[in-house]
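Those protein sequence lines, which keep their order, are chains A and B. With my numbering applied, the first sequence corresponds to residues 163 to 698, in that order. With my numbering applied, the second sequence corresponds to residues 163 to 698, in that order.
It is worth saying that the hints were derived from the structure and are not from the lab. On a predicted model such as this, the values are computed, not experimentally measured, just so you know. Mixed in with the good hints, there may be bad ones.
Which copy? The list can't say, so a pair holds if one copy fits it or any two copies do.
[Unchecked claim] Keeping only pairs whose Cα atoms sit at most 20 Å apart, straight-line, the calculated EDC-like set for lysine to aspartate or glutamate is: (1) LYS227 <-> GLU351; (2) LYS638 <-> ASP189; (3) LYS314 <-> ASP270; (4) LYS526 <-> ASP539; (5) LYS215 <-> ASP527; (6) LYS416 <-> GLU351; (7) LYS526 <-> GLU514; (8) LYS638 <-> GLU188; (9) LYS580 <-> GLU555; (10) LYS563 <-> GLU576; (11) LYS607 <-> ASP527; (12) LYS486 <-> GLU586; (13) LYS473 <-> GLU348.
Chain residues, written in single-letter form:
2 protein chains.
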Amino acid sequence: MSTPLCIFDTTLRDGTQGEGISLTAEDKVKIALKLDALGVHYIEGGNPGSNNKDIEFFRRVREMKLQAKLTAFGSTRRKNSSCEQDINLKHLTESGAQAATLVGKTWDFHVHTALQTTLEENLAMIYESLAFVKNSGMEALFDAEHFFDGYKANPEYALAALAKAKEAGAAWIVLCDTNGGTLPSEINEIVSRVVSEIDAPIGIHTHNDCELAVANTLAAITAGARQIQGTINGYGERCGNANLCSIIPTLQLKMGYNCVSDEQLRNLTGVARYVSEIANVNMPVNQPYVGNAAFAHKGGIHVSAIMKDSKTYEHIEPHLVGNKQRVLVSELAGQSNILSKAQEMGLEVNPEGMKSREVIDRIKDLEHQGYQFEGADASLELILRDAYGDSVEIFSVESFKIMVEKNAGQMVTEAIVKINVAGEQVYTVAEGNGPVNALDNALRKALVQFYPGIRDVHLSDYKVRVLDEKDTTAAKVRVLIESTNFKDTWSTVGVSSNVIEASWEALVDSIRYALIGMAKDEFAPELIQTNGLMNH
Amino acid sequence: MSTPLCIFDTTLRDGTQGEGISLTAEDKVKIALKLDALGVHYIEGGNPGSNNKDIEFFRRVREMKLQAKLTAFGSTRRKNSSCEQDINLKHLTESGAQAATLVGKTWDFHVHTALQTTLEENLAMIYESLAFVKNSGMEALFDAEHFFDGYKANPEYALAALAKAKEAGAAWIVLCDTNGGTLPSEINEIVSRVVSEIDAPIGIHTHNDCELAVANTLAAITAGARQIQGTINGYGERCGNANLCSIIPTLQLKMGYNCVSDEQLRNLTGVARYVSEIANVNMPVNQPYVGNAAFAHKGGIHVSAIMKDSKTYEHIEPHLVGNKQRVLVSELAGQSNILSKAQEMGLEVNPEGMKSREVIDRIKDLEHQGYQFEGADASLELILRDAYGDSVEIFSVESFKIMVEKNAGQMVTEAIVKINVAGEQVYTVAEGNGPVNALDNALRKALVQFYPGIRDVHLSDYKVRVLDEKDTTAAKVRVLIESTNFKDTWSTVGVSSNVIEASWEALVDSIRYALIGMAKDEFAPELIQTNGLMNH
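Bound-form chain A, shown alone:
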């Protein structure tokens, strides 16, 4: 049973209909590259007829030669009109996409109520629009909106609409449960009928309004559908679309289908988390397969059983989807992680020694304050080096100050930094777009004369999270900074109730980490007081 299935990703189109999901053209390009690497077969990028952002996206992506078919979305032409006059169809055919999905009505109620036209005119709209797109040289897909509701209300008309699409040359006919209200048993029955009557490849597009989108997709596949439309993390209007992050591994690991390669499947957790980061939506910890708690065990009987054999409480091996097992509330696990990290760094570690107990207590205390070292390896390394006496004082901070002023519509932001480098006091001032940018500029200005290599270090990501929302503007924030020198990437963390102080802390860690690396490699070794750093 290795029938190849076709995965159609609509994260960038239907996914952005979800509340709180808003992606720039740049975000969309980044996500498209990840989707392509994951191995989906179609990437629906947006609706070029509805906004300029999507036109820009298609312009940029079509030059990238993706493996996946780049797909644009639009509607059938307007009623009582012609395709040639339809501005949206014009944008669609000019988008540069290889394929186009056209949504059309198949529910008589919608034809009357939403379109307010005749059943005949709607069939003409479907036929002419698909033929128009196909004649422009694109692959045409028909999205049969509300197909299941339409079929239940008037099966003859719903099937007639599909037949029209087929007649117009649609490469795929996609059955949509637009309102998400259909049950798996109904999906199975209706898709079976369609597959037996319509001689065209059939797709399935479900929504999660009954928490059944994944099950409905699987039911359609069992009944003979061969294209799956869904989104990463199930983003989408109302309760979301079918979640590809649950469907792909289930099809592949439990039902014997091959959608993507084993290696691509191991990227699934990474892609899911990347998309949630770009969309800036927290991923629910309990998300199936890819969530942080998907293979987390909360103590007691379960933990002692998984120690004997993981299969006792895990339905798959987590690494198959790029996730991992976690044991919660286990001080021992935490401790051994920290110590093995220190050993990895080449530090001399005695797990039973006083030093080790102190550093573990210190890290636990910082975590209690809101620090998180999972995403801030470089800050953790600096703490470990300090603790085991392998630290390097590249510079020390005496003071910093920022001023932000808005007057007569004019914003001015300045930062002043006073630091000591190699026994010398350096005092600099710089401007910036905002307070953190100004601090960054002032700190670099102070250091560049000693470490010209600092010019190669760039901040590549900056994130702010409010830790305890109920205290609002007086709440603690956690700042994560990711930096790169185009060879390595490292992350640092700062926590404070003051966003400026938290940012400064993460910034100083980032630069310190970079300079220790440079000092090791090439710079001013005479500045370095170390008892171990140079050895590895």
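Model the placement of chain B on the given structure of chain A, informed by the hints.
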């Protein structure tokens, strides 16, 4: 098809195994009362053998005379021992609960690997423990752990375990998909076999590791199971348990079963949100049936259709589960969303007029800059009031300034604000924990003499998002502020490359919105220059 089904809630037991879910005895009592009002038939309160908190819970709740059967959870006795010596079974029978669920092994692999005993001893453990509980006067339920995995591995043994439970007098035999890895088609087949072979009422208990817990529950019901075990909001270990908030309405509104009364069903959204508040876990906006976005419409075409008939894009009427329809405004939405919002506010709107075109262009332009109004209703309302000439100038800002300094380990943050209120220039300075808190304090200090009611307004949430991460500290940020006066809640937005400016913008909108409301209701009407606001 009105066979009564039995709803067994395990939010207070299995639900608390979820990561981040921790309930005090008091929390559990509150939730039990809500569950009872919702009309569930069993409330599993915890494991009195495992901790004192659960013993306290049972002590308090058994005096409350709930309609639901109060149920305690425990395991079959330990191997090679007797029930009389088993301390956990003793706590169970002394808990005061009316019913007890005993979990036991039905998968031979688990008997060997986790219990490390013989298949015969495990059957004796099941039989003796259930008989012991039943003899103590309680109703006994058997939780057949890993039943589906067990059946697939060794169907004879799995069925023999159920037969033993039946023989011991179990009132219900509950089939558990403990690891959550079973597919609906397998559930259907296996439950059908059990129902035909075991002459006892059958229950179903599923987990969501494949995002199929709801579908698996429905498949079991279709195959003849009559008790549903699940949790509110699907809380539970790893990816959670079957979500009763999705199962109950689907059974009731779509499958013809009567689980709870129509009135109780209308409490569903309220109960779901209450439990998420008590558990202190944010409810995903897109949660089916009960989420804030479950009936929220964002696409332009969708919105114009639901204006004609809600059924066009809603699978049920939201009020049936106590939820409501919402229209979101976003760049994807056509003008119909924006104009219907303006009409809701009572503004005089001519959809074809120049003003309407201008305001729509303005909003699209702001969204292109990074503003997002779907989470910032109040900022949108201010823009619409300005556009349709229904605005009120409560105060105007001349300038603001902040200074943040760290010197000798000491942080000082000050804000200076210069505003005009009622023709008077007010100049204030205040300190704060951070720059935004200082600005908030300075602005309030300036306004409180004119609007004492501002004291009742509090910021209840503050979020910062970096819009384009590649520019890092020079990137644009979007700040969302949620405010409350303990009666209403409203949200505002600000965007800038300077986090201080973005926060200030959202802060000013929030306070302006609050003061317009106060001005309408009770405050200084002579300050207000308006041509429409007072009319509605």
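Quiz item: Checking LYS215 and ASP527: alpha-carbon separation at most 20 Å within a copy, between copies, both or neither?
Solution: between (46 Å within a copy, 11 Å between copies)
Practice problem: With 20 Å as the alpha-carbon cut-off, assign the pair LYS580 and GLU555 to within, between, both or neither. | Solution: Intra 16 Å, inter 43 Å, cutoff 20 Å: intra-copy only.
Practice problem: Measure nothing new, just compare the shortest in-copy and cross-copy C-alpha distances for LYS607 and ASP527 to 20 Å and report within, between, both or neither. | Solution: neither (34 Å within a copy, 36 Å between copies)
Quiz item: Under a CA distance limit of 20 Å, which applies to LYS416 and GLU351: within one copy, between copies, both, or neither?
Solution: Result: close only across copies, 16 Å inter versus 22 Å intra.
Exercise. Have a look at LYS473 and GLU348 and pick one of within, between, both or neither, based on CA distance no larger than 20 Å.
Key: between (34 Å within a copy, 19 Å between copies)
Quiz item: Given a CA cutoff of 20 Å, do LYS638 and GLU188 count as a within-copy pair, a between-copy pair, both, or neither?
Solution: between (30 Å within a copy, 13 Å between copies)
Exercise. Since the copies are identical, ignore which copy is meant and state whether LYS227 and GLU351 lie within 20 Å (CA to CA) inside a copy, between copies, both or neither.
Key: neither (39 Å within a copy, 46 Å between copies)
Quiz prompt | Status of GLU586 relative to LYS486 across identical chains (alpha carbons, at most 20 Å) | solution = Answer is neither; intra-copy 44 Å and inter-copy 62 Å both fail.
Quiz prompt | Intra/inter-copy verdict for LYS563 and GLU576 if alpha-carbon distance must be at most 20 Å | solution = Both, since 8 Å and 12 Å are each at most 20 Å.
Quiz item: Within a copy, between copies, both or neither: where do LYS638 and ASP189 come within 20 Å Cα-Cα?
Solution: Between copies only: 14 Å across chains, 28 Å inside a chain, cut-off 20 Å.
Quiz item: Which holds for LYS526 with ASP539 at a C-alpha limit of 20 Å: within a copy, between copies, both or neither?
Solution: Only inside one copy: LYS526 and ASP539 sit 15 Å apart there, 40 Å across copies, limit 20 Å.
Quiz item: How would you label the pair LYS314, ASP270 (within, between, both, or neither) given a Cα cut-off of 20 Å?
Solution: Within. Shortest intra-copy distance 11 Å satisfies the 20 Å Cα cut-off; inter-copy 45 Å does not.
Violation of the numbered hints given earlier is confined to hints 1, 11, 12; the remaining hints are satisfied by the structure.
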